[in-house]
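Chain by chain, the residues:
Protein chains: 2
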Amino acid sequence: MLTHLTIALDMMGGDYGPRSSIPAAVAAVNQNDQLILILCGNEQVIRDGLDKLDSLNHPRLKIHHCHEVVTNCCEPAQALRRKKDSSMRVALDLVKSGEAQACVSSGNTGALFFMATHVLKLLPGVKRPALISAVPTETKDPVYLLDLGANVFCEPQTLFQFGVMGSVVASRRLGIERPRVSLLNIGSEDIKGHEGIKQAAELMKKCPQLNYIGYSEGSDIFSGKAHVIVCDGFVGNVALKTCEGIAKLIMHKFTKALKKHLFYKVLAFLLRPVIKKLYKRVNPDQYNGASLVGLCGIVVKSHGNASKKAFLAAIEEAAREVERQIPEKIQAAFERIGTATTTSPSSKVD
Amino acid sequence: MLTHLTIALDMMGGDYGPRSSIPAAVAAVNQNDQLILILCGNEQVIRDGLDKLDSLNHPRLKIHHCHEVVTNCCEPAQALRRKKDSSMRVALDLVKSGEAQACVSSGNTGALFFMATHVLKLLPGVKRPALISAVPTETKDPVYLLDLGANVFCEPQTLFQFGVMGSVVASRRLGIERPRVSLLNIGSEDIKGHEGIKQAAELMKKCPQLNYIGYSEGSDIFSGKAHVIVCDGFVGNVALKTCEGIAKLIMHKFTKALKKHLFYKVLAFLLRPVIKKLYKRVNPDQYNGASLVGLCGIVVKSHGNASKKAFLAAIEEAAREVERQIPEKIQAAFERIGTATTTSPSSKVD
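Protein sequences, first through last, are from chains L and X.
Letter by letter, the first sequence follows residues 1 to 350 of this note's numbering.
Letter by letter, the second sequence follows residues 1 to 350 of this note's numbering.
Only chain L is shown next, with the shape it has when bound in the complex:
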């Protein structure tokens, strides 16, 4: 049982920066007595924000001034070299030094991925870190989808390792011993897809520690068929953002249709609780907090357009990962699987 839990926050990232991160930080410490937050960013801006919320002297909110910000246009390698006093870098450094047990950022994904890999380093045997997130399904359990954008291309061995890491996360988060692991493909038959996917499938089939159930198609993601779905970062990112787009489209069309007649307008008013609940179930904000797994440390990536609620969800996610010891459990899984996953260990990030 943890008595205290310290999380470093990059306060300046994302589309809204301190406008969402400050109220989220205040809400987080108010609802979790064990939480200490180190707020990395422009001191004056953070002080002003906290002051407005009557939280300037909160004993568990500590400000760490940084004079730089990693913007969305920063090239990852440049951000690493030049932005050593940025809020993103400092938050990662605090995890590296052990002052914080995890960090959260809603900044530039590429830069965060690159910096985190260089600062925290990969766990032994891990080829590439991956961005993983829970996605709602028709069942009570979500599905864990990875990679969501950290790696544009993935070798078969990398996809296999993502399966192992996803399996650890799903197992720890859902309390399931052998989560069902699947590969995202353009058909469920063995002959479908490209060579890389087929080779990854072979590696997964051969691994007794992995409960591999075959391919999934895009339409299977939400059925609950698998607990973990593996794909490369390009495909995962497009799939996740497509979901957001179509969810918004459906809500838009539904609201528009209801506004056409007074009768339906009244119905819409009566239906508000159901629609609100539904949106809560499919709204990405509720599932915010994708994590970078495979690193010697916990890094949670919040959406770039994260609201206060979404940023709060990301802080809560980081706290849960500390409690569930995700990096330690991934390391143990890689040790168990042994040579199968460690044929070419590398901490190179290109």
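Certain hints may be false.
Identical chains blur together in the list; that is why a pair holds if it fits in one copy or across any two.
Said to hold, decoys possible - Lysine-lysine pairs mimicking BS3-like chemistry, simulated, CA-CA at most 27 Å apart:
id, residue 1, residue 2
1, Lys260, Lys225
2, Lys329, Lys140
3, Lys225, Lys259
4, Lys260, Lys96
5, Lys248, Lys140
6, Lys248, Lys192
7, Lys265, Lys140
8, Lys192, Lys84
9, Lys140, Lys259
10, Lys256, Lys309
11, Lys96, Lys121
12, Lys140, Lys260
13, Lys309, Lys62
14, Lys121, Lys253
15, Lys253, Lys309
16, Lys248, Lys259
17, Lys121, Lys192
18, Lys248, Lys260
19, Lys256, Lys225
20, Lys192, Lys83
21, Lys192, Lys62
22, Lys248, Lys225
23, Lys265, Lys253
24, Lys265, Lys248
Hints in this document: simulated from the structure, not taken from any laboratory.
Chain L is already provided as a structure; the job is to place chain X on it using the hints.
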């Protein structure tokens, strides 16, 4: 103005085969006086099906008996070599010989793509055919998404050509002179994505005939920002199927939530027309009929799990493409663009 329009149908493909294709064929000829359909497949099965619908002797429904079927497990190259009297192959042969002006199949996508390319051949200068489909947006116009699964990997030049072909389709279908063309990527900034995408973007920027507007993310697909969105077949297939999955999930959760209380049950009953209309707008059945473009002939691919309604939509789509002379217009566009797109013409399909 066409007086008659002949379309060959592969009656045996897809999950439901003649169960959906026969009633769709009957409905199609009943609602379009100019349409003649050649029904390719098992004569006895088709005769029995038509008999049940009192349409056995319909003057514009002609049966062409074929004794083979291309199943979903068929490897594309094997299907081409061994299934010369299959319903899919015969439908394509009828287009090749000019007996039909277009064909429709809901069979194995890989086999259809491979067979169609070999039988009909590519238009001069076209490197690869692409599967294109209309997808609903928040605006009145749909967006044309390609490729949807015909090409797992695409070179930059191929993606560029998809932009040209998509632009022709959108222009002809929406009546817009310069449709907005975009590339699907994992971020909207110029630095995002892999080298192939960046090179394709350069080719599109340089082409004065193309109204290229930059990158789109998955969430932009449905916003109406672009009229044409280009991606490789793996990404496009996952994006499209993910849409189907999340639309089903939202409907499922909504219906479930409404069933929880009698009050909401009553509301749900009253809301039926709105929900029905909404589902009609986002239901893939309504947007069924992805086309293979870039070939010397019109081939419409219906969903594998196409219902009667969906197969009917695919037949209607084929008829519209004949009227709008899509292949001729694509050929003209490639001639106008000239050498930019024809640096390495090839009709090889691997």
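| message | Cα distance capped at 27 Å. Does Lys225 pair with Lys259 within a copy, between copies, both, or neither? | response | between (37 Å within a copy, 24 Å between copies)
Original post:
For Lys265 vs Lys248, is the C-alpha pair at or below 27 Å within one copy, between two copies, both, or neither?
Top reply: The answer is both: 19 Å in one copy and 24 Å across copies each meet 27 Å.
Checking Lys248 and Lys225: alpha-carbon separation at most 27 Å within a copy, between copies, both or neither?
both (24 Å within a copy, 14 Å between copies)
Under a CA distance limit of 27 Å, which applies to Lys256 and Lys309: within one copy, between copies, both, or neither?
-> Cα proximity of Lys256 and Lys309: in one copy and across copies (26 Å, 25 Å).
- From the Cα coordinates, with 27 Å as the cut-off, is the pair Lys248 and Lys140 best called within, between, both, or neither? Answer is both: 22 Å inside a copy and 16 Å across each meet the 27 Å cutoff.
**OP:** Could you figure out if Lys265 and Lys253 sit no more than 27 Å apart (CA to CA) within one copy, between two copies, both or neither?
**Re:** both (14 Å within a copy, 21 Å between copies)
Lys265 and Lys140: within-copy, between-copy, both or neither at 27 Å Cα:
The answer is between: 22 Å across copies meets 27 Å, while 31 Å in one copy does not.
Reference check for the pair Lys260 and Lys96, CA-CA at most 27 Å: within, between, both, or neither? neither (56 Å within a copy, 49 Å between copies)
Cα distance capped at 27 Å. Does Lys256 pair with Lys225 within a copy, between copies, both, or neither?
Close across copies (19 Å), not inside one copy (33 Å); limit 27 Å.
*Copy assignment of Lys192 with Lys83, given that the CA separation must stay at most 27 Å*: between (44 Å within a copy, 19 Å between copies)
*Checking Lys192 and Lys84: alpha-carbon separation at most 27 Å within a copy, between copies, both or neither?*
For Lys192 and Lys84, only the inter-copy Cα distance (22 Å) is at most 27 Å; the intra-copy one is 45 Å.
Within, between, both or neither, where Lys140 and Lys260 count as close if Cα-Cα is 27 Å or less: For Lys140 and Lys260, only the inter-copy Cα distance (16 Å) is at most 27 Å; the intra-copy one is 34 Å.
The structure does not agree with the numbered hints 4, 14, 21 stated previously, though it agrees with the rest.
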